[in-house]
Amino acid sequence: MSTHTKTIRTLTDDITDITMENPDLCYQCGKCSAGCPIRNYMDEAPNLIIRYVQLGLYNNAFESRTPWLCAGCQTCSTRCPKNFDLAKFMDALRELALKMGYKVKEKNQLKFHNAFLKQIRNHGRSYELGLVRDYKLSSGDLMSDVDSAPGMFLKGKIGVFPNNIKDKESVKRIFEKTKDKK
Amino acid sequence: MMDIGYYPGCSQEGTAKEYDKSIRAILKVLDVNPVELDDWSCCGATSAHVTNHKLALALSARNLALAEKQNLKELFAPCAACFSRLALTQCELKSDSNLKTEIEDIIENKLNGTTEVINIVELFKKLGSDKIKANRKVELKGLKAACYYGCLLVRPHEINGYDDAEMPTSMEDIVKATGAEAIEWNFKTECCGAAHSIPRVDIVIDLSKKILDDAKKHGANVIVVACPMCHNNLDLRQKLIKREYKSHEDIPVLYLSEFIGLSLGFSQKELGIDTHYIKFEMPELKKKESEVTV
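Chains B and E, in that order, are what the protein sequence lines are.
Read in order, the letters of the first sequence correspond to residues 0 to 181 in numbering that gives the first Met the number 0.
Read in order, the letters of the second sequence correspond to residues 0 to 293 in numbering that gives the first Met the number 0.
Hints in this document: simulated from the structure, not taken from any laboratory.
Wrong hints could be hidden among the right ones.
[Claimed, not checked] Covered stretches of chain B, as calculated for chain E (at least 3 residues, CB under 8 Å):
no.	segment
1	64-71
2	76-86
3	90-99
4	123-133
5	163-169
[Said to hold, decoys possible] Facing chain B, from chain E, some residues (calculated, C-beta under 8 Å):
no.	residue
6	CYS9
7	SER40
8	THR45
9	ASN51
10	LYS53
11	ARG154
12	ALA164
13	GLU189
14	ALA193
15	HIS195
16	VAL200
17	LYS238
18	THR274
[Stated by the list, open to error] Listed below are the simulated SDA-like cross-link pairs for lysine to any residue, each with C-alpha atoms no more than 25 Å apart in a straight line:
no.	chain 1	residue 1	chain 2	residue 2
19	B	LYS117	E	GLU101
20	E	LYS175	E	TYR161
21	B	LYS178	B	THR18
22	B	LYS135	E	LYS16
23	B	LYS165	E	LYS68
24	B	LYS171	E	ASN108
25	E	LYS238	B	MET151
26	E	LYS209	B	ALA33
Cβ coordinates follow ideal geometry from the N, Cα and C atoms, glycine included.
Let the sequences and hints guide you as you build the complete structure.
What follows is the structure, encoded as structure tokens:
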């Protein structure tokens, strides 16, 4: 009889694959949102995002700014009475939202991450000058930090040249292989 | 001389050069030899784990595999974010053998999970306050330090078992060994906004301002940190905080290693403190220094 039972895979399963915990664990106590340092800047409370996923309202979860504003401080994950790792859940939401082609409302966040990862892919390590250059060019945010930059150069805090690792190719291959294995 | 694997992290080659400089200086005095992980690469923080889970695991795992090959049993990562990513990766791969096999395939290396990743607070806790006291040349009297842990040195508890997640005290014990006072305050584990520093600096200004204010309110005259990102947000961003809040008064922010270094007799220059945005002055040395310098 049980052979007839067919499980339909949902996006919740994709999220669980990444977080290794089921969002249904959450009983909506709201402790995560109460302690969240970024809650004031979010459009929706973190516990509401979990609720969306529990109800299958995935669009609402993926379109929200909230996952993109989560700073990953893990205060929620530490305090959750059900031990649900909400910070990791937010990571999973961002990853799946990108994979499914959702438009990211916090555009500069994504541009920053892309600019950062580009440096690692090219050099094996972060190259701050390249990061700032690529971020500014993609975001159009040209004026921020222009007054801090000269001082940082003078103090030798920003290197002019990137630090390339010896086996750059091994890092490039990691990027290649994880491209489709999200 | 005790050998310990050392993973400097990208920031220590750039905006946090002084963190690396001061760590190397003080470890020498404390009889610890940092063996730099050969050909280490970026751990991926924060951008990798917020966009691609397997990329994040693989970038960190590459370094863990290198550490095993280079026989480094312990890997000291002074950046809180690097520490967190490396330790969490180790933790996650240990608990899921299928995932481990998949990541091994991606990094083209085997992983035994034998490397213990440790952070700077843990390292000094292990070395012991007595070691600092025994090598102390200057008693940092007059300094009232607010020890700031931020997020990743206490959370999650799985990798930060060395102290309590909500009310840690390890850094205070280390700071007291220098002769300074460690004040009680409320914001030691609050978030500074971390990687929002560039794309959403408005959030960082608000959060950092609250942290600085609480430290000052409780009598601190210096903040001690152990993370390049926290340092950037609390030190450099005071420039923007001042622009936003005219009444803001500067408070210097030192790395834990710089703080210890001062008590071991190093000069500000030897520790790289002179590269900070907010100028630091030793309270009781104020007079002397102004006499010496032109």
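Evaluation of the interface hint that places THR274/E against chain B, nearest CB under 8 Å: holds, 4 Å
Go through the hint on LYS53/E and say holds or violated, using the shortest Cβ distance to chain B against 8 Å. Since the shortest Cβ distance to chain B is 5 Å, the answer is holds.
Below or equal to 25 Å on CA atoms is what counts here, so check LYS209/E against ALA33/B. Holds, because 17 Å separates the two Cα atoms, which is no more than 25 Å.
Under 8 Å is the threshold here; is the Cβ of ALA193/E close enough to any Cβ of chain B for the hint to stand? holds, 5 Å
Pairwise hint evaluation, MET151/B against LYS238/E, where the allowed Cα distance is 25 Å at most: Within the cut-off at roughly 13 Å; holds.
ALA164/E was flagged as interface toward chain B. Is the shortest Cβ-Cβ separation under 8 Å? holds, 5 Å
Supplied contact hint for ARG154/E, tested at 8 Å Cβ to chain B: Holds, about 4 Å.
Check of the segment 90-99 of chain B against chain E for coverage (Cβ-Cβ below 8 Å, three residues minimum): Holds, because 5 residues of the segment 90-99 of chain B bring their Cβ atoms closer than 8 Å to Cβ atoms of chain E.
Take the segment 163-169 of chain B, compare each residue's beta carbon with every beta carbon of chain E, and decide whether three or more fall closer than 8 Å. holds (count 4)
Does GLU101/E lie within 25 Å of LYS117/B when you go C-alpha to C-alpha? Holds: LYS117/B and GLU101/E sit about 23 Å apart, inside 25 Å.
Hold the hint about ASN51/E up to the distance rule: shortest CB distance to chain B must be less than 8 Å. holds, 6 Å
Take a quick look at whether LYS175/E and TYR161/E sit within 25 Å of each other, Cα to Cα. holds, 18 Å
Against the hints set out earlier in the document, no violation occurs for any number.
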